[in-house]
Amino acid sequence: MGGGGANPLAAAQEMIAKAQQELAAAAVEGSAGGGAVKVQMSGEQKITGITIAPDVVDPDDVEMLQDLIMAAIADAAGKVNELQAQSFGAITGGLNLPGLGIG
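First residue of the sequence shown? That's 76 in this note's numbering, and the numbers climb one at a time after it.
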């Protein structure tokens with residue numbers, strides 16, 4: 076009656092909390108234009124830095140720079156999504172559950 080076994084829900088919640096902490100501490104870098112634009116992003120998908128090589132700053136072609144920045148952000152976000160999938164995949168069995176910070 077009741078047994079002394081561990082609570083599987085509590086164990087899963089602990090695993091989720093640990094994965095969320097690891098993601099919060101993680102950092103990735105996305106790039107575009109052969110590294111001309113680099114975006115640093117946290118595991119929580121917050122941009123923490125942007126580096127732009129001076130030679131890609133052309134006042135006559137601002138659109139190209141905008142495209143490179145967007146591509147670098149997308150690259151970084153994709154890497155964060157991969158980290159999230161790896162962190163939570165074992166816990167959720169590959170299911171995308173809302174509220175866990177996946178995707």
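Do not rely on the hints blindly, as some may be mistaken.
[Stated by the list, open to error] Simulated crosslink set (BS3-like; lysine-lysine; CA at most 27 Å straight-line):
| hint | residue 1 | residue 2 |
| --- | --- | --- |
| 1 | LYS154 | LYS121 |
| 2 | LYS121 | LYS93 |
| 3 | LYS113 | LYS154 |
| 4 | LYS154 | LYS93 |
[Stated by the list, open to error] Estimated spans, in silico, between C-beta atoms of each pair:
| hint | residue 1 | residue 2 | range |
| --- | --- | --- | --- |
| 5 | GLN120 | LYS93 | 12 to 20 Å |
| 6 | SER106 | PRO134 | 21 to 29 Å |
| 7 | ALA86 | SER106 | 13 to 21 Å |
| 8 | LEU84 | ASP130 | 53 to 61 Å |
| 9 | PRO83 | GLN141 | 45 to 53 Å |
| 10 | PRO83 | GLY153 | 27 to 35 Å |
| 11 | ALA146 | GLU89 | 36 to 44 Å |
| 12 | VAL137 | GLN96 | 15 to 23 Å |
If you're looking for bench data, these hints aren't it; they were derived computationally from the structure. As the structure is a computational prediction, the values presented were derived from the model and not from experiment. Note that beta-carbon positions come from the ideal geometry of N, C-alpha and C, so glycine has one too.
List of violated hint numbers, smallest to largest: Checked against the structure, the hints that fail are numbers 7, 12, while the rest are satisfied.
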